[in-house]
Amino acid sequence: MIDVPALVAQAREGRPRAVARLISLVEGASPQLREVMATLAPLTGRAYVVGLTGSPGVGKSTSTSALVTAYRRQGKRVGVLAVDPSSPFSGGALLGDRVRMQEHATDPEVFIRSMATRGHLGGLAWSAPQAIRVLDAAGCDVILVETVGVGQSEVEIAAQADTTIVLLAPGMGDGIQAAKAGILEIGDVYVVNKADRDGADATARELNHMLGLGEARSAGDWRPPIVKTVAAKHEGVDEVVEALDKHYAWMSEQGELAKRRLRRAAQEIEAIALTTLRERFGSLHGDRHLDALAEKVARGELDSYAAADDLIASVTN
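Following numbering that gives the first Met the number 0, the numbering of the sequence shown begins with 0 at its first residue and continues without gaps.
Misleading hints may appear alongside valid ones.
As a list, the in silico SDA-like pairs of lysine to any residue whose alpha-carbon atoms are at most 20 Å apart [stated by the list, open to error]:
(1) Lys258 x Thr275
(2) Lys258 x Ala158
(3) Lys232 x Arg196
(4) Lys232 x Ala69
(5) Lys232 x Arg71
(6) Lys75 x Gly27
(7) Lys295 x Glu278
(8) Lys245 x Glu12
(9) Lys258 x Gln31
(10) Lys245 x Ala19
(11) Lys245 x Lys232
(12) Lys75 x Ala248
(13) Lys75 x Thr43
(14) Lys75 x Leu310
(15) Lys75 x Ala158
(16) Lys227 x Leu256
(17) Lys295 x Glu241
(18) Lys227 x Ser217
Note that these hints are calculated values from the structure, not bench results.
From a predicted model like this one, the values you see are computed outputs, not experimental measurements.
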């Protein structure tokens, strides 16, 4: 058995191995997971969570690394969760974004962790909310969550982050058209990366036009800014940080930050509850009660909704 309070205390001191061990307990759904979360709960709620999403090839990892550099210049402790596709063989992270952030590898005030989606859709790993809590409790001032890069299905990041950055790049065909049904609706800050390429201004103009279509904002509402960057050269990154600071200040003033975090907590509770119920239902395959209900439905003696209600009652009572 792991001494959870001692491990949490070590993580609070900034020991990378302790933080890594806690995230491993989360990812592996350890029997001590409940104890871990109970110990972490009073220590969370201080970190600013920023999500980065966008189609593959827009430079999410490079932009994340550049943001880490900018925040470290401000003296802030930074955590990074880089969510990668899963290997179909091992279930582990396939790309390993840490390889692309080696400049921060020796910085004790930066913790970078690659997480595998393990088949979970929406661009995030199922255990991402709990991993965010670990980094928050470990004293990170800013937590950057980089999604897997699967296109317009990545809207889930908006539910996990305080602020969501949507990255685009010029020269990627009809990237904006492909993205508009999903990720273009969730951004708080839009970044046109690789702005030294031809077409960057046109991409920014098209994006600005699309954001204005059907726009119905009241006075005082947040208007997502569009920032052009060349993340590989650290150009425009300070402007992105400035936009993030302004959005954080706006959320704090309007009460939006508290609303988003309350919504995030509710969704996390719901996800855990549904997973627990799903596990209970999974153990019912071959169960006599389930078989008896199935026989009644097959014979027309009972409708499937009534049978489902009966089954739910047997599981929850």
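Against the structure, the hints come out as follows:
| no. | hint | in the structure |
| --- | --- | --- |
| 1 | Lys258 x Thr275 | 26 Å, violated |
| 2 | Lys258 x Ala158 | 11 Å, holds |
| 3 | Lys232 x Arg196 | 13 Å, holds |
| 4 | Lys232 x Ala69 | 12 Å, holds |
| 5 | Lys232 x Arg71 | 17 Å, holds |
| 6 | Lys75 x Gly27 | 29 Å, violated |
| 7 | Lys295 x Glu278 | 24 Å, violated |
| 8 | Lys245 x Glu12 | 30 Å, violated |
| 9 | Lys258 x Gln31 | 30 Å, violated |
| 10 | Lys245 x Ala19 | 32 Å, violated |
| 11 | Lys245 x Lys232 | 24 Å, violated |
| 12 | Lys75 x Ala248 | 17 Å, holds |
| 13 | Lys75 x Thr43 | 16 Å, holds |
| 14 | Lys75 x Leu310 | 51 Å, violated |
| 15 | Lys75 x Ala158 | 24 Å, violated |
| 16 | Lys227 x Leu256 | 26 Å, violated |
| 17 | Lys295 x Glu241 | 63 Å, violated |
| 18 | Lys227 x Ser217 | 26 Å, violated |
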